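Please build the complex by placing chain B on the supplied structure of chain A, with the hints as guidance.
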Amino acid sequence: MEEDRVREIQRLKEELEKKRGEVEDIRVLVNQQIDRPFLAEVKEYSEKELETYIREQISTVENCVDPRPDKQSVASHRKIIGRPIVFFKRLLLKMTGFHVHLLLDKQTQFNRESAALNQALVIRLGQIKERMRQIQVKISTCEEGLVVLEKKLEELSSSQERDKGDIADRKPPAQD
Amino acid sequence: MPPMSKENGSKKDLAGEISAISAQLGLQAAYNRLLRAEVAFKLRKPSLAIYDHAFHFIGGAQKYGLTLIAALRDRFDITILANKEVSHQDFLSWYNLDLAGCRVKVIKLPYFEERRAFHLDPALIPGEAENPFHIISKESGRYDIFVNNSMNEMVYPLSNISVLICHFPERRPRSYFYADRYSYLIYNSRYTALWVEKKWKILPHQHIYPPVDMEAADGGVPKRKAILSVARFEPEGTKRQLEMIEVFLRLNQKWPGLVKGWSFILAGGSGPDNPYLAKLEKIIRGHPGQNIELKVNLPVEELKLLYQQSTLFWHLCGLDHEDPSETEHFGMTTVEAMQNRLVPLVYDGGGLPEIVDHGMNGFRVSSKAELLKYTMTLLGDQALIERLGASAQKKAQIYTRAKFEARVRDFFDDVLKTYVSGRETRPFE
Numbered sequence: 001m002e003e004d005r006v007r008e009i010q011r012l013k014e015e016l017e018k019k020r021g022e023v024e025d026i027r028v029l030v031n032q033q034i035d036r037p038f039l040a041e042v043k044e045y046s047e048k049e050l051e052t053y054i055r056e057q058i059s060t061v062e063n064c065v066d067p068r069p070d071k072q073s074v075a076s077h078r079k080i081i082g083r084p085i086v087f088f089k090r091l092l093l094k095m096t097g098f099h100v101h102l103l104l105d106k107q108t109q110f111n112r113e114s115a116a117l118n119q120a121l122v123i124r125l126g127q128i129k130e131r132m133r134q135i136q137v138k139i140s141t142c143e144e145g146l147v148v149l150e151k152k153l154e155e156l157s158s159s160q161e162r163d164k165g166d167i168a169d170r171k172p173p174a175q176d
Numbered sequence: 001m002p003p004m005s006k007e008n009g010s011k012k013d014l015a016g017e018i019s020a021i022s023a024q025l026g027l028q029a030a031y032n033r034l035l036r037a038e039v040a041f042k043l044r045k046p047s048l049a050i051y052d053h054a055f056h057f058i059g060g061a062q063k064y065g066l067t068l069i070a071a072l073r074d075r076f077d078i079t080i081l082a083n084k085e086v087s088h089q090d091f092l093s094w095y096n097l098d099l100a101g102c103r104v105k106v107i108k109l110p111y112f113e114e115r116r117a118f119h120l121d122p123a124l125i126p127g128e129a130e131n132p133f134h135i136i137s138k139e140s141g142r143y144d145i146f147v148n149n150s151m152n153e154m155v156y157p158l159s160n161i162s163v164l165i166c167h168f169p170e171r172r173p174r175s176y177f178y179a180d181r182y183s184y185l186i187y188n189s190r191y192t193a194l195w196v197e198k199k200w201k202i203l204p205h206q207h208i209y210p211p212v213d214m215e216a217a218d219g220g221v222p223k224r225k226a227i228l229s230v231a232r233f234e235p236e237g238t239k240r241q242l243e244m245i246e247v248f249l250r251l252n253q254k255w256p257g258l259v260k261g262w263s264f265i266l267a268g269g270s271g272p273d274n275p276y277l278a279k280l281e282k283i284i285r286g287h288p289g290q291n292i293e294l295k296v297n298l299p300v301e302e303l304k305l306l307y308q309q310s311t312l313f314w315h316l317c318g319l320d321h322e323d324p325s326e327t328e329h330f331g332m333t334t335v336e337a338m339q340n341r342l343v344p345l346v347y348d349g350g351g352l353p354e355i356v357d358h359g360m361n362g363f364r365v366s367s368k369a370e371l372l373k374y375t376m377t378l379l380g381d382q383a384l385i386e387r388l389g390a391s392a393q394k395k396a397q398i399y400t401r402a403k404f405e406a407r408v409r410d411f412f413d414d415v416l417k418t419y420v421s422g423r424e425t426r427p428f429e
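These protein sequence lines are chains A and B, in that order.
Position 102 of the first sequence, counted from 1, bears residue number 102 in our numbering, the numbering being contiguous throughout.
Position 426 of the second sequence, counted from 1, bears residue number 426 in our numbering, the numbering being contiguous throughout.
These are calculated hints, taken from the structure and not from any lab test.
Nothing here was measured: the structure is a model prediction, and the numbers come from that model.
Beta carbons are placed, not taken as given, at the ideal position from N, Cα and C, and that holds for glycine.
Treat the hints loosely; a few may be bogus.
Claimed, not checked - What follows is a list of derived Cβ distance ranges for each label pair: (1) B/LEU384 x A/ILE128: 52 to 58 Å; (2) B/ASN297 x A/ARG27: 44 to 50 Å; (3) B/GLN253 x A/ILE128: 28 to 34 Å; (4) B/ASN297 x A/LEU146: 46 to 52 Å; (5) B/ALA278 x A/GLN72: 26 to 32 Å; (6) A/THR52 x B/TRP94: 29 to 35 Å; (7) A/THR52 x B/ASP77: 41 to 47 Å; (8) B/ARG103 x A/GLN134: 53 to 59 Å; (9) B/ALA278 x A/GLY82: 56 to 62 Å; (10) B/GLY269 x A/GLN107: 52 to 58 Å.
Unchecked claim - From the derived model, a few chain B residues whose C-beta atoms are all more than 10 Å from chain A: (11) GLY237; (12) GLN309; (13) ALA369.
Said to hold, decoys possible - With the Cβ distance kept under 7 Å, some of the chain A side facing chain B (calculated, not the full set): (14) ILE9; (15) LEU12; (16) LEU16; (17) LYS18; (18) GLU22; (19) ILE26; (20) PHE38; (21) GLU47; (22) LEU50; (23) VAL137; (24) VAL148.
Extracted from the complex, chain B is given alone in its bound form:
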């Protein structure tokens, strides 16, 4: 349906057209028509709202969404939709993103407020309960473009153009499943795309890798003999820190000469009273003098320094897990390590094979034995470390923030062109 042109029709025609659309396709379609006309006639800047039910706490997916709007600030009138109190200051301190000029609108969801839930988990909503996200669906219809960044396919998009950013399809289609109602689906890795097809039976549209900006400002920090692991200390142990400690202990035990002077540092975030973290602490205490260190909830500057100083990077998330949701869907920390010239030794599954090319810029392993094998190979060959580290740093250039922003702008420029031209943008308009 083309937009109302400047030439054709009178006031009466316009009212009639809107009334006909409303009767046939619903109130929202008629409203959308007027929103589109405003933009086509250049009466205002196009509006864009981005929603995430987890904007109120720090996370990789949230960084993705907010970096995306930082790239679009000059093109759109932007509103950030959150479900809990959050401020520009939080975004600045968590992600170093200055989003001044973007409105923050907090829409509380009574279902979760009544339960005093901090984490608003859509998976916990029983099929027979009313959809608590309909409030957001309704809000989505007030903008030209609605971007759902929350892996929450329970929000029914009403805007003219809707974009679902899928970091991984967690749920299978069941009650309140609307992922296929969005105009576009952006995915963060080919691994995610594969699972979108498998689980949701839909073809995602646009691949945009996450922005990774852990590059050192200068390369002046000397490397030391350190193996680094950066991953959240998940209470379920899905990041496999325990298994990595076991491998390092075995190295110490069987090959003390080779590992002499090397340390293993496990950095990552954790909530309070984490039984998994307590277990790791106990194991480390039980093996004194083995050069294993835990660094919990480090400030970003300290983490950056650790990356700059370390030589090898271990990441076993996904090992012995059959469920795709328990593997790394992309692998941000692996890229961060590669940007700092660390040689990655990572689990051969999930999104990690897209990042690490075996034998070219690191090694992919499928067992603890393989991790042991390739680590031993590297520890005895400094030239190989240098070569793979340099190659890893080069590969990591694909994932910089600048590249991400360029891709985002290209995509949204195309979307906007389609919107203004009047071509079809979504099923019910």
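Same shape as in the complex, but just chain A:
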């Protein structure tokens, strides 16, 4: 009975091993979704993380400054009926193009100005940061100077104390 069970475990294992080898997708193996969306919690970011984030976001914004549709934006992946669909869509685009552009031109201009403003603010931030760094260096040098002065003062006071002691020791004995 025991041996049967052991053999059965091994048989089932081999069977599953084979099936497992054929599956590439992890989701299929665990029978569930494994990925989830995560929101960027920018307020918790460190300075370095924020820098990377800002760089990425600016690049994303710059890539979608112009929302106006062009001919290339209409395409289809369908092999047979794709061509007529594309034809009609492009026709519609041509017919409504004037009005669409009228609305979106202003939006494009706004996007462009916003992207430029963002860029300028980032540059300004960099300048402020550099100025802060220079001030930090100056403060640091002053602090070090203070430490040295403090130590010198300590030594001076202790040598003064020593001198006082020496003078007291050298006092002539009181006259009778």
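Below, chain B without anything else, positioned relative to chain A:
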């Protein structure tokens, strides 16, 4: 879900049970069930695989993982999973670890192979790209226990028991984030734990300090007037060697009498063509006769001797850095110094406050001025050096390899007990 008991059920029941699990929870859960049954019935030794995408080069985190399996060799059938060629001989020469009996399995990742990358950096994988670590995820499902030692939370664990060793949470949760899918999360310092909670919003389970074994075999080497710094020469300068040189130069300039006879030695590893190292060399050349020495890529024996001979230890990694990833997450070299009775003067941030108790076994500083101040205090007080050095050596006993191995065995013994008993070990089993 309890494991299949010896008593209940027939062959038919077993096949039915496995088939039901497979339909409900997936093929992997069914397979895991059989793996668990094999161990519960003592048909074989439990298997454990440890993975690190950086096993092919020398590093502190890798030493942690490999020392961990060295402690578990007699309990598990162990496989070391690497992404590039590496051998037992490498582990022996890099970490003095004899891992004979542990299998080394190299699984190359096509994504990085195509790019001929030596450093497999998960942070460089764009969100829209397919996860190149899924090959490792799949492999993880072949073992009872899978240990991910690589700070790489992009590996989805499929084993019955999975352990993520976090040396520091580098990335924030984004695409392919699976750190919370592991059964256990081990962390190397309280500082790391704090950031795991902050960045990943999960509570880590087990604190195991890294193993540090730099203790001198005998205490016969006399100390000399030397301040030592041991840190990699990072091209970005995050270890702050430049700032320490500036402090030593200032000491020489303002207090020559006090520093007379003292030298400052900067030891550490570096890759070729390191602009930061070149900058330091230039500064030192520009200040001849100031007793500053650079010791790059020293063999371990020479480094040990340096530790034994030196008196004070400086470490400013983290100074003026706001980003937590640029501070010391633990501080192995500080502990190494303390084991050799050096008095540590370290930056008051990252994992270092856990190691150095201010005024008791060293000093913690938050600026160059403070480093200057406490160094001057020590240079003028030999008795204080002796007292703090002895106290530092005592504190460093917490981090020995023997203590590390004992903690590791305790933890994995408990894990194994849970596994065999049939209690819940991971979410989808």
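To see whether the hints hold, each was checked on the structure:
Remark: the range hint 52 to 58 Å for B/LEU384 to A/ILE128 is contradicted by a beta-carbon distance near 43 Å. Remark: the range hint 44 to 50 Å for B/ASN297 to A/ARG27 is upheld by a beta-carbon distance near 46 Å. At roughly 32 Å, the beta carbons of B/GLN253 and A/ILE128 sit within the given window of 28 to 34 Å. The supplied range of 46 to 52 Å is broken by B/ASN297 and A/LEU146, whose beta-carbon atoms lie about 38 Å from each other.
For B/ALA278 and A/GLN72, the Cβ-Cβ distance of about 50 Å falls outside the hinted range of 26 to 32 Å, so the restraint is violated. The hinted range of 29 to 35 Å is satisfied by A/THR52 and B/TRP94, whose Cβ atoms lie roughly 32 Å apart. Range check, A/THR52 to B/ASP77: about 42 Å between beta-carbon atoms, so the 41 to 47 Å window is met. With their beta carbons about 56 Å apart, B/ARG103 and A/GLN134 fall inside the hinted range of 53 to 59 Å.
In this structure the supplied range 56 to 62 Å holds for B/ALA278 paired with A/GLY82, their Cβ-Cβ distance being about 59 Å. A hinted range of 52 to 58 Å holds for the C-beta pair B/GLY269 and A/GLN107, which are about 54 Å apart. For B/GLY237, the requirement that its beta carbon stay farther than 10 Å from each beta carbon of chain A is met, with the minimum near 14 Å. Interface exclusion of B/GLN309 from chain A stands, the closest Cβ pair being 27 Å apart, more than 10 Å.
Taking the minimum C-beta to C-beta distance to chain A, about 3 Å, the non-interface status of B/ALA369 is violated against the 10 Å cut. At its closest, the beta carbon of A/ILE9 sits 6 Å from a beta carbon of chain B; the interface hint therefore holds under the 7 Å criterion. For A/LEU12, the suggested interface contact is upheld, since its CB lies about 5 Å from the closest CB of chain B, less than 7 Å. For A/LEU16, the interface hint holds, since its Cβ comes within 7 Å of a Cβ in chain B; the closest pair sits about 5 Å apart.
Checking A/LYS18 against chain B: minimum C-beta separation of about 11 Å lies over 7 Å; hint violated. Checking A/GLU22 against chain B: minimum C-beta separation of about 10 Å lies over 7 Å; hint violated. With 7 Å as the threshold, the beta carbon of A/ILE26 comes within range of chain B, its nearest partner Cβ sitting at about 5 Å, so the hint holds. Because the closest C-beta pair between A/PHE38 and chain B is about 4 Å apart, less than 7 Å, the hint holds.
Because the smallest distance between the Cβ of A/GLU47 and any Cβ of chain B comes to about 5 Å, under 7 Å, the interface hint for this residue holds. The beta carbon of A/LEU50 comes no nearer than 10 Å to any beta carbon in chain B, farther than 7 Å, and the hint placing it at the interface is violated. For A/VAL137, the interface hint is violated, since its Cβ never comes within 7 Å of a Cβ in chain B; the closest pair sits about 10 Å apart. Because the smallest distance between the Cβ of A/VAL148 and any Cβ of chain B comes to about 5 Å, under 7 Å, the interface hint for this residue holds.
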